[in-house]
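**Student:** In mature numbering (1 follows the signal peptide of the UniProt record, and there is no 0), the protein residues as written are -22 to -1, 1 to 812.
Derived from the structure by calculation, the hints contain no laboratory data. Be a bit skeptical, because a hint or two may be false.
[Said to hold, decoys possible] Pairs of lysine-lysine residues, derived as DSS-like cross-links and limited to a Cα-Cα distance of at most 27 Å, are as follows:
#1 Lys413 - Lys248
#2 Lys401 - Lys379
#3 Lys489 - Lys401
#4 Lys469 - Lys272
#5 Lys447 - Lys434
#6 Lys513 - Lys587
#7 Lys503 - Lys422
[As the list claims (entries may be wrong)] Quick list of the computed label-pair ranges, beta carbon to beta carbon:
#8 Trp111 - Ser386: 51 to 59 Å
#9 Asp651 - Glu736: 31 to 39 Å
#10 Lys352 - Ser570: 55 to 63 Å
#11 Lys479 - Trp111: 45 to 53 Å
Yeah, the Cβ is synthetic: ideal placement off N, Cα and C, and Gly gets one too.
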Amino acid sequence: MKRPLLFLIASAFFLVPTAASAADLDVTPKVSKFSTEELFDKKENDFASRELIIKFRETVREKEKQAVFNSIEGVEIESLPSAEFSLVKVPKGTNLEKLAENLLSFRQVEFVEPNYRVESAYVPRDPGYTKQWYLKKINAPQAWDQNKGSEKITVAVIDGGVQTNHPDLIGKIVSPYDMVSRKTRMAPDVHGTHVAGIIAASNNKIGISGVAPNVKIMPINVFSGNDAEMYNIADAIIYAADRKADVINMSLGSRSYSYIVDYAVNYAAKKGVMVVAAAGNEDTDAKTYPAALKHVVGISATDIRDRITYFSNFGSYIDFAAPGNGIYSTVSGSSYTYLSGTSMASPVVAGAAALVLSKNPLLTPSQVMGILKKSSVDLGDKGWDGLYGFGRIDVNKALMKTPAPISSISQTAPSFSVDAERKNGISFTLQGGTKFSLYIQNSKGETVKKIITNKKWTGGKVSASWNGKLDSGKYAWTGNYKLVVKASNGKRSALKRTDIKVTNNVVPSIKAASSALYSPAVTGKLTIPYTVNKKAMVTAVITNSSNREVRRLLNRYTVLSRTRQLTWDGKDSKGKRVADGKYTLSLSVVDSAKRRGTTRKMVITVDTKGPTAKTVVKTSPFVIDGKSKTAFSGEFKEKVTVNAYVITGENTKLKTLASKKVFNPGTINFSWDGKNDKAQAVPEGKYRYMIELSDAAGNKTIAKSSVFELVHPPVVRSQAEFNYPSEGETVFGYSVSKPGTVTVQIFKDGQPFRKIEENIAKTAGSHQFVWDGKNDSGNPGVDGDYAFKISIKDNYSLSHTFSGTIHLKWPATVTPDPEPSVEPDGTASADEAI
């Protein structure tokens, strides 16, 4: 194989150079980006003379990238946006090494490398061995007794174009793509078709059989003529990983390390893809890429005698050996031929990995690698060596060492007799790092019961049970069902099924309410829900208190396992409405096997009479005094729902005292503060209380109280203090709120001094009284404060008193007469003489 030269390109822009990084995948270039003498080989045709691959930092904006391209007169041809790689074309004659040194000083640039060319790794030779000798060597026929591969497993062949309509490959192709032309069609190539046939040629008696004849092939062409460029290879790897390839085979190589390909391989590995590559055909221990990359399985070639071939590369990066000399397989032109090379050995291992994943799709690449290590035939030095790696592939042993993703499903009762008491125990072993679901399917493949859904599992035995009920709540009918376990690792899934034969021995049962209250006059029809636990025949009969049949609603009516309804219009079999009273609905059930369930009985009370209420006015007249007090009482003989109001003579509702209140039998007091629903005092007048009540059957009644009077207490208003202004009579004003008899009195030091008026009828409104400053005897009072009291009493003997103060002070010219004094002899004193 020609040795393509590895080189790195750099140039300068803005600030100082920055370290290369691929933080998202933690990919570090194997060669320093500044070692341009080591990285830049001047052999012609080892790389595209006018192309560079530039890795930008993640934070670089598109505008900054374009500035970099403009500075080197470059044009972006392609890009891998997720990885910030750009393939750039530069002017003819550009010194790529100098340009690389310049680009590496850009702060936006992490890494630069040429677009290396890669060659296929095979050695053409004439036929000379028995056709497909290698299949027996790796024990493929014995392996096929276990597994021929799964169409759910896909191997991506990154190579030359594959003849997709080859008789041994037709129907196996998924997502083909040509990275050179950027089209889904590709020109058939001998090498690519040969590799695809080694992996998955059909075992159809037409031509040959591949190692894993039932798997799918995803052909991706990266070659233009004899060469492929690193950018296209990296793009192909990412394309395959994004389209859920399980294994990638690359029968190609270069002595040049490529950062972009390293990045792409890490991307695929992170997505759970196993990557296999040929070691090369130069009989050297020098590393070949991509086989020597960390996440790539490197393959050397052996001959029919299990010896390393004369051409195979060897060294520290070899993981396994596989037959690669004189390999007979498909080629373009719908033909077959022998080819030799590590290009032929690599797809043998890719096919082996595909077989292992077909048996257990939940395995990770590292787990597949571990199985291949344990099963390979140790050749050369004991253990790993640089010629054979861990040994030559043996696909039969590999499958034997591959655990099933889901073990056989064990049941305590594969023939399950469902009887509402038993449970069928279920157990199986499941690989860890998965999520799984356990469910039941009927004979049509429909999921009828989810037992476990999307549960995370770390590995080991799973135990569960099923009681025979379906998601609908019904018991499963007699018949054949499938118990299904489905597990997934996020990329691939595995399925395991086993049969369950169900015999439904469940005794039928029926459920309904124990009683109902029904008024035909209110609701018209009574709706009665009932539930049966399985398909059965239901009979529904209504009898009276004498146990005589009144009406047959159902007679051996077949219903499924669910809640149903029956109705009764309150009439007997002759269409006549039944009298009020208690009736019994009997619900009986029997299944097709003549198993009878327990008869359920419901007592139906027919009640068409409205409830009664006795109202008693507790306070009349009702005096508004700002306090809430018991207004009236209601006596109920049954449980009722009540609305209570204060109403006018015209039945206008003024105040709601109760709204939809439920009361048990008994006497209930209702209180009121004399205000309406707007919190305003109700005017004096005659009113009534009204009750709207309904019973449990919905019958309604309205009850009204006797008339009561609402009154307001009388109120006297006046001035709190007066001054007696002058000699003679003085007028004092006051008002009363309603008619009544009024008394006005003057007091001195708490003692009556003068009665101005007594029990004088007054109308509502303003009034006045007159006082001349004298007492009842006509004598003037001394200077000082006097109290006045104005009292009113209405027709209901409601009263109110207003008290105030009069300040009395006589003018200086007026002197009140002193009380006359009497001498001891009974005569008046001289200064009292007139």
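**Student:** Are any of the numbered hints broken by this structure? If so, which, sorted upward?
**Tutor:** Hint check: 2, 6, 7, 8 fail, others pass.
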